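Please work from the sequences and hints to get the whole structure.
Protein chains in written order, with my numbering: chain A, 1 to 687; chain B, 1001 to 1367; chain C, 2001 to 2198.
If you are wondering where the hints come from, they were derived from the structure by calculation, not from laboratory data. Computed from a predicted structure; not experimentally measured. By construction, the Cβ of each residue, glycine as well, lies at the ideal position given by its N, Cα and C atoms. Keep in mind that the hints are not guaranteed to be accurate.
Sample of chain A residues with no beta-carbon within 10 Å of chain C, all distances over it, derived [unchecked claim]: (1) L30; (2) I123; (3) Y126; (4) E307; (5) E384; (6) D628; (7) A650.
30 Å max Cα-Cα, derived BS3-like pairs, lysine-lysine [claimed, not checked]: (8) B:K1351 with A:K383; (9) B:K1196 with A:K418; (10) C:K2058 with A:K88; (11) C:K2136 with A:K424.
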Amino acid sequence: MQTITLHSFDGGIHPQENKHQSTQTAIAQLPLPTQLIIPISQHIGAPADVTVSVGDSVLKGQQIAKPKGFISAAIHAPTSGKVVAIEKRELPHSSGLEGICIILDTDGKDQWLEEINNGSLAINEYLEADNELLINRIRDCGITGMGGAGFPTAVKMAVQNRTIDTLIINGAECEPYITSDDMLMRERALETLRGVQILLKLTSAKSCLIGIEDNKPEAIQAMEDALHKIHREHHIAVVKIPTKYPSGGEKQLIKILTGKEVPSAGIPADIGIVCQNVGTCEAVYHAVAEGKPLISRITTITGESIEQPQNVEVLIGTPVKDLLGYAGFKQEKSLFQKLLGSKSKTESKPRIIMGGPMMGFTLSSDELPILKSSNCILAPSQKELPANDLASACIRCGLCTEACPAELLPQQLYWFSKAGELDKAEQHNIADCIECGACSYVCPSQIPLVQYYRHTKGAIKDERAAQQKSDRSKIRFEARQARLDREAAEKEAKRQARAAAAEKAQAAKKAAAAEALSKQTTESAEGVDENTSTDAPAETKNPEPVDLEKLQKQLDAAQAGLKKSMDKVAELKASASEDGVENAPIENLDVFEKAVATRRDKVKLLALQIAEAKKLAPPVKKEVSREDIEKKLRAQQDRLAKTKERVDLAKEQGLDSLPALQKGLDKQMQKLKELEEELAQFDKAGA
Amino acid sequence: MSSNFVNITSPHAHGGNSTSRIMLLVILATVPGIIALTYFFGWGNLINIALASITAIICEALILTIRKRPISFFLKDNSALLTAVLLGIALPPFAPWWVTVVAVSFSMVFAKHLYGGLGNNPFNPAMVGYALVLISFPVQMTTSWASPFFLSLGTIGVEQTISFTESLQVIFSGTTSLSDAFSGATPLDTYKHLAKNETANEILQGPLFSGSENNWFAGGWEFVNIAFLVGGLALLALRIFTWHIPFSVLAALGTCSMIFGWDADLYVPWSLHIFTGATMLGAFFIATDPVTASTTPLGKIIYGAGIGILIFVIRTWGAYPDAVAFAVLLMNFAAPLIDTYTQPRTYGHDKANRGLPTKPDASDKEG
Amino acid sequence: MSSILIAITLLATLAIIFGAILGFAAVRFKVEGNPIVDQIDDLLPQTQCGQCSYPGCKPYAEAIAAGESINKCPPGGESTIIALADLLGVEPEPLDAEHGAEKDVPMVAIIREDECIGCTKCIQACPIDAIMGAAKQMHTVIADECTGCDLCVEPCPVDCIDMVPVETTLQNWHWDKPENLIATSEQPHEENLEQGVH
Ligand code: SF4
Ligand code: SF4
Ligand code: SF4
Ligand code: SF4
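As structure tokens, then:
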């Protein structure tokens, strides 16, 4: 065994380990549950895409959801059975939010998919196999990190643009109570090591360090023995590290074993390191050598309210209830009094924690499923893990600073979080807090420090998102403004062109009129009508209904503009008189008056043009319009009916949206009436 | 959330430490020092401590009622008691009772609760109270020191001891302070005064110093200080505070006094600086008050060194008999600033972010 | 007499020296900043809703720079007012109720698509072009871009636009601040708490 110089990380604590309770018996197999609840988002990255539908029968190991996008992981049926529902269910997450789950009724046959059963998916000579093939197999089997966050393993291993020189295998398991990795290493050391070999091959790292805390001598022994069996791996080393929480944190373990620090906001690969959990290694081995997807895991079930604390191999998706029932859960013992703002107010409910006592979260019900990353279900008694007292003021004792493994100043972060000073919290590197809870553990004032940090981190994220959004909106707003200006300018240019044309036409008309006048003397009076029509400018020569509409619109606009200008003039005058200076020159007044004059001219001109155009408008237009109106009317009736239905529904269920809907209904009725009137008028006009 | 199970945030385990435990341990750690004080200087300090504690608890309860805070919850944290004990130790043993009462109530009301109570006070409450009475009642504060006399062995130069009832009388009579026979300046003061006319050798022959046979070198003060040192080291071992502040206070004070102390005819030698007056009490029990001290590791060293240097400066060139209170208060002012510029480097960062956050858009304000 | 003169001269000299240093520092270390309008605009929420009675945030920013009061933006609410007060060195004022109240949750517009008649009226109303669609076609809101300004609701002839709170997802969820667990100076008296008096 080679000697490795161990380093140490700052801070850390030594909470009561409480690991012996669950290591007394071998890993048990949980009986097949009747129903499994399988969330499609158990990993970091995009939720998987469901590939089965309700009513489908699936076999054990069959893919039921495929990865969507690069960072995602496949999900497989943990046993054979029938998909009975695909619906939103509450997820095991501190938020208590819901997510899509596949509900599988098991059939009790536990029948493997044929390809897996006959071993055709297995890669036998895996140490000689192509890396691509191995990574694909790992991806297809839906392997994710089994220690904590659940990062897809294939993605982690496929980051090829950096050279990796050290592979670190995390067997530290520093959290109190949890023993799933410990038991795994004791009982399945060989499989685990074979998985390590595969990962070592994939990363082509020069060395591999397996870090195990010295409170697990059996596991260390088992791993050493297995290492001897494999013989040729002289660059894999089992390293005994001192027991200290949180040595199993990825960053801390890296520091202990290599002395290097993962740069802030970076990943271990930045310093040539890849870190994997021992459980993941075992899963990788099964995936590659046997073709078996990740459908079960070892979970510790422990705590004083559990009769037989132990480690159990459970299928992913097993409701916690089944596991609790199997190990003997005494609900009365797990009752927990929670303070509600004041000592005199408490609520007493059972407490179940998924994960360990330091970083785990409480479950809101026992119906929630075990996930790929659920390493422990802890049901402590109140005496065992008592509630914090009411928090008192921070006395700046600095104990938290001493305990913090990230070398932060937790008390400062707390003051900033409490005061909402996000910028200062950020400057004090709150982003580097790993939420290990060491600071809360030692705090004599019993302040829920970690919750403050979580909140502040979220608030910082929110603020950043809001800032980004507001920047985007600004750009969009400015772009739109520019577009509107451009359009307005174009319109203006067109209008001017048209005005010029119209002027020309007018001039021509006048000339023509003059000519006609002179002609009149020589020709008969009948020709006048014809003359005006033939002499009309080009646009009136080929009159089209579209033109008429356009003109009408222009007229409307011009009228509106006129009104506005007039208003403005009136307003200016009024304000001037208010100021008491009757006859003082009013700024800009002349400009507006001029505008009024030109606009008035324009309105007149347009009105004239419309009158002319109308005269020439073909009578066919009426038919088309009538149809149009009828169509509109029908559409409106449909809509009205729909809205009515909605209103009724809202009334029935007493929804708050009722007033809004009612308003909409009124509006639609109004519209309908208008349309009907229009139609009637039309008919009258037509008749 | 309306679930059937409890919903609380992690961590679910707690180390079991509490504010009241910390305060209580600090109080207990003063016991050796108090015993030594009583042994050498009579019952005065004990009476002071009792009086101060009662006053503090009454004040605290009163203010909590006015501020509409849960009384038992806050009284339980022992912080008022600690302030009172420290004041009782620091005040001269035979200070009239009203001096103690004024000091304690001022520190509770003005130095602590006006700022928002425990944890929010920028200045060390005990030292604010002390400084107030020192400035307001200089006569009582300088003449109420007892000359060291041994409860069992008899006194130096005086043939009888002063009994408990006599002590009570002196303290509560209010007007008459200690008779000249019993009162005496501290060794530091004495040395300073004598150094104007006498040489070091002559001074050290005096009864307060090694001249007397029942005495080591500082008229009993050295034992008091050693007792406080023992208590302080115990707290250090219990990890109530870190070594940074006491170490740097003593180191700075020691260094300064050694540099100047080469001329013992003019300056007080370092041994007297370290082992007389309130040095150890200050270094281990007062400067380490976490609420008002610096909190970063480097900041604590700077803060402690500042206190050490100020103690030396005020003792040497100032008019007051001791300097711990002023030194601590002055450094309390500086603590937030020190903290701002001494942030430690965080894991994964090349260097520490020191100073104030820089906001690019708000950096130049108009108007 | 002479001592007074000395003192005055000394003080005057000191004043001149420090004045010179400060003046030099002001010139030497001058920070080139954005024009004030841009700085103000950066602090406004860019909802572009016009509730401040200006047609968008930039015009309001210009108005503030010209002396308009800073409390007219409801979407920004208190935090924006404080930030503006900070920037401009004035006292923060409470939000001017005339312009509306601050919303407690962020909202987003959603079009009931089967009812949309494709009239394009909402597109014209949206200040940031967050609605997609063409004439006579179903329209839809780009939820990520929508600022929740409400402006598209009114013009819709069939009232098919709803304002709904932005949905909490696993991505944007985070813990609440543990307010009620702290027995510090903000802690109400026990009895008061029981009676619900705050
Ligand atoms: S441990 Fe608690 S009381 Fe002590 S400094 Fe940290 S937050 Fe404050
Ligand atoms: S939770 Fe964060 S601040 Fe607290 S000890 Fe852990 S890393 Fe440090
Ligand atoms: S009220 Fe606020 S968000 Fe709305 S336009 Fe005015 S400044 Fe922009
Ligand atoms: S979609 Fe509606 S609410 Fe959203 S930004 Fe556009 S106009 Fe405002």
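Now for the hints, and whether the structure bears them out:
1. L30: holds, 27 Å
2. I123: Its Cβ never comes within 10 Å of chain C, the nearest being 35 Å, so this holds.
3. Y126: holds, 35 Å
4. E307: Nearest chain C Cβ is 33 Å from E307 of chain A, so the label holds.
5. E384: holds, 21 Å
6. D628: Given that every Cβ of chain C is farther than 10 Å from that of D628 of chain A, nearest at about 13 Å, it holds.
7. A650: holds, 13 Å
8. B:K1351 with A:K383: violated, 44 Å
9. B:K1196 with A:K418: Violated - the C-alpha atoms of K418 of chain A and K1196 of chain B are around 56 Å apart, more than 30 Å.
10. C:K2058 with A:K88: violated, 43 Å
11. C:K2136 with A:K424: The hint is violated at about 52 Å.
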